[in-house]
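Enquirer: Below, each chain spelled out in residue letters.
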Amino acid sequence: MSHGGSAVVRGSAGGEASSARTVALVGRANSGKTSLLMFLTGSAQRPINFPGTSVERSESEVQVGSVRLRVVDLPGIAAMQAISKDEEVTLEFLRNTGVDRPEVVCAVLDASKLSIELRLLRQLHALGLPIVVALTKVDVAAAEGNPVDVDNLRRALGLQLVPVDGRLGHGVAELRTMLGSDAALLSRPDSQAQSSTWQPPASKSTRRSMTDRIDAWLLHPLLGPVVLFGVLVLLFQLVFRVAEPFMAVVEDGQGLITGWLESVLAAGAMRSFVIDGLVNGLGSSLLFVPQIALLIAFVTMLEASGYMARAVFLLDRLLRCFGLSGKSFVPLTSSFACAIPGILASRILTDERDRLATIAVSPLMSCSARLPVYIVLLAAFFPPNQAGFLLMVMYLLGIVAAAVVAFVLRRTILRGGSSILAMELPVYQRPRLRVVARHAWTAVREFLRTAGTVILAATVGVWALGYFPRPVELHEKFERQRAAVPAGDAAEAALANIDAAESQAYLEQSWLADMGRAVQPVFAPAGFDWRMTVGVLAAFPARELVVPTLGTLHSLGEVEASDDAGAESVVRLRDALRDARGPDGKPVMNGLVALAAMAFFALCSQCVSTLAAIRRETHSWFWPVFTFSYMTVLAWLVAVAIYQIGSLLGYGLA
Amino acid sequence: MTSSATTCLACAVRGQPLVVGEVLGDDALAERLRVSGLWPGALVELLGTAPLGGPMLFKLHGFRLALRRNEAERVTANLAAPAGNLTGSAGAEKNA
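Residue numbers (my numbering), protein chains in the order written: chain B, 1 to 654; chain Y, 1 to 96.
Bound conformation, chain Y alone:
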């Protein structure tokens, strides 16, 4: 996949909105993620994380979506920073 996205939802940081790039794959999980509102351009924000590496809670389209880490890793994203801050974020390296 030649995605221009620089990070993924699993690397989200609280208080730093992300813009969804795409959902990787075409299995049932990918399908579920797409119909859950994770389509390209959707604005997503991390609200919190469950303890001990549990699921992550995101806000998008005005509602709250809980995703496991491996689920959040399927979704590429860009920083929604107002300035052109698209390079060199800490999460970029983790995104294979």
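Next up, chain B with everything else stripped away, as it sits in the complex:
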């Protein structure tokens, strides 16, 4: 038999497709499917300990002997009827009859709750497909006081059954071999009767498990919320403090490259393009990489440990006050890193109105791309002790706005409907470092992909608009000034001053300045000058562009003096913002303008990728258009209110 089989494979160079086999990974939410897939096929998935995190179907392939296994990971289902959106994906795939149809079902059953798992297994029989059982969390069952007799279970079910450890990968090789074997195709319940009546012995244990003991503290009515608050504070502290040294390294690197380029390239359009456009644009984006990695790693650890589900439990009542669900906490927390994974994660919300409200307010959470804007503006106009406080205020501003908008939405266009919580709180587990690292890397890779394409292209565009046109008259005027400088000790400083004045003059008559001045009246009530207006305009494709744009604007307008190891690009921009003067010689920025600008950036929808994600997830043009409109209007109103009220109080520009 096996001899014949291998002969077929050897002769199949002509394109015999019979050696491919589609396997559907099916199981309840949080039964361990995704981590199992990772071990089965070595694919970089992101298994986490939160019910319903496989929001998309994903698949990968692996060769087992002569069989090419195509393993499809499906969102968890509780029964053979769909209640939530992601469950529909699973059922559709299982019931389809086309080329894509699964040939074997790999039922992933959680040993720690067998009685409920067996109900699902019985429903899976109705598909008429061979079923191989992967029994996960046997260790959890034992720890929870309900050990499982594997051999007994296999006999009772009459199916091929392989115990696996989805966290460490034990048993996965056996499962892989089994799924590729002929036995898998024959694994059908021989006597339906036995497998449909068999029940695991009832739990006799009254001993409190480890999870029960931890929950006694973490879900304590008083202590629980305190711990949750502490975790959130720790999250932000960690992201901001720990990321700092990494950011310094990135800045140092950028400075070194800039210094080297200046020594190689002759002054002119090419040098300005490479340094002010390319290096400055990319460097300003790379600065966020450490923070994104840290934030994602922390959120993954919260999910993988099982704590995220506890946070949902504790916060459900509070979030319902604003028309959201406790489960909204997961997408909203992810949105502090980036709104796009947050919008994807909102699929765990079973109620459509909850989900839409969560999607619409997710972009109000201050994502990691806003952080550099805050940091630069705060550093320029506020002492460090106030800066830390105001940074928190900016995050709170987004949260409060999200609560208000959700509240209004759920009482107007998304009125009615009662959402469902009914969720399992998983057993606590130690997060696997490998999983956390993979997850963080995936996020960073996505970000780098954006930075390498959209951000880079847009930065170069901003540079070009700010560099051109280059009228000859202007150049000749400054050449005459240079010629007039007398030789001597003061010559170098005088020449540098002329260079600066020349750059400034070029910028003032550039296309970018024309655009900024044309739109500036719209933002005049918020106190923005034309440069800040350009920053706002440039940020609409992606707010990662704010700092590079302001940096380009101010570096085009001054001499690139990178001899001080160049490490202080943010400091340089900070000083430039503080020293910027209008035509009348008065400063164009102060603390109040900076505050209004930060509030604007905190609330405005400046990310095309997010709007595209909303379009994909809602299957409608209404929601991206609505989100963009309400956020932009809200941002403008708040910025104007801050500047006008502040001016009345005497903090305005003189």
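The reader is advised that the hints may include incorrect statements.
Sample of chain B residues at the chain Y side, in silico, Cβ under 10 Å [said to hold, decoys possible]:
| no. | residue |
| --- | --- |
| 1 | A79 |
| 2 | D110 |
| 3 | D149 |
| 4 | M210 |
| 5 | T211 |
| 6 | D215 |
| 7 | G224 |
| 8 | R320 |
| 9 | I420 |
| 10 | E424 |
| 11 | P426 |
| 12 | V427 |
Not close to chain Y: a few residues of chain B, all C-beta gaps over 12 Å, as computed [said to hold, decoys possible]:
| no. | residue |
| --- | --- |
| 13 | R68 |
| 14 | F93 |
| 15 | Q123 |
| 16 | A141 |
| 17 | D151 |
| 18 | L286 |
| 19 | I413 |
| 20 | R470 |
| 21 | E473 |
| 22 | K477 |
| 23 | T618 |
| 24 | F626 |
| 25 | W636 |
These are computed hints drawn from the structure, not numbers from a lab.
By construction, the Cβ of each residue, glycine as well, lies at the ideal position given by its N, Cα and C atoms.
Given chain B's structure and the hints, the job is docking chain Y onto it.
Expert: Leaving out everything else, chain Y in the frame of chain B:
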């Protein structure tokens, strides 16, 4: 519904196991509750409650299920007391 159950999950008291009677209704919520293991005869115990009238946490079939109060009210239950203590419990009156 002519249920012989005397109480519901929302009235559960810590340390007092209940036996599920039935899930009332046939909407999506009822369906979700049924597939979450709340079928007749299942043994359920209250583990705790979130503050300020938040969700309730139950243990059944060896795992933990969080339900909102209005969700727990959908599930009728009997006391699982060893003696015939099926009458006159404090929670019985609240169950409409």
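Enquirer: Hint by hint, note whether the structure agrees.
Expert: Cross-check of the supplied hints:
1. A79: A79/B check passes; min Cβ-Cβ to chain Y is 4 Å, inside 10 Å.
2. D110: D110/B check passes; min Cβ-Cβ to chain Y is 8 Å, inside 10 Å.
3. D149: At 15 Å from the nearest chain Y Cβ, D149/B fails the 10 Å test, so the hint is violated.
4. M210: violated, 13 Å
5. T211: holds, 8 Å
6. D215: holds, 7 Å
7. G224: holds, 7 Å
8. R320: Hint on R320/B: holds, closest Cβ of chain Y at ~8 Å, below 10 Å.
9. I420: Holds - the Cβ of I420/B comes within 10 Å of chain Y, reaching about 5 Å at its closest.
10. E424: At 6 Å from the nearest chain Y Cβ, E424/B passes the 10 Å test, so the hint holds.
11. P426: holds, 8 Å
12. V427: Holds. Min distance 8 Å.
13. R68: Non-interface label stands for R68/B: nearest chain Y Cβ at 34 Å, farther than 12 Å.
14. F93: F93/B clear of chain Y: closest Cβ-Cβ about 19 Å, beyond 12 Å.
15. Q123: violated, 9 Å
16. A141: At roughly 7 Å from the nearest Cβ of chain Y, A141/B sits no farther out than 12 Å, so the non-interface label is violated.
17. D151: holds, 20 Å
18. L286: holds, 41 Å
19. I413: Given a closest Cβ separation of 21 Å, the condition holds.
20. R470: holds, 65 Å
21. E473: holds, 72 Å
22. K477: The claim stands: K477/B keeps its Cβ more than 12 Å from every Cβ of chain Y (closest is about 71 Å).
23. T618: holds, 20 Å
24. F626: It holds; F626/B is separated from chain Y by about 26 Å at its closest Cβ, greater than 12 Å.
25. W636: holds, 36 Å
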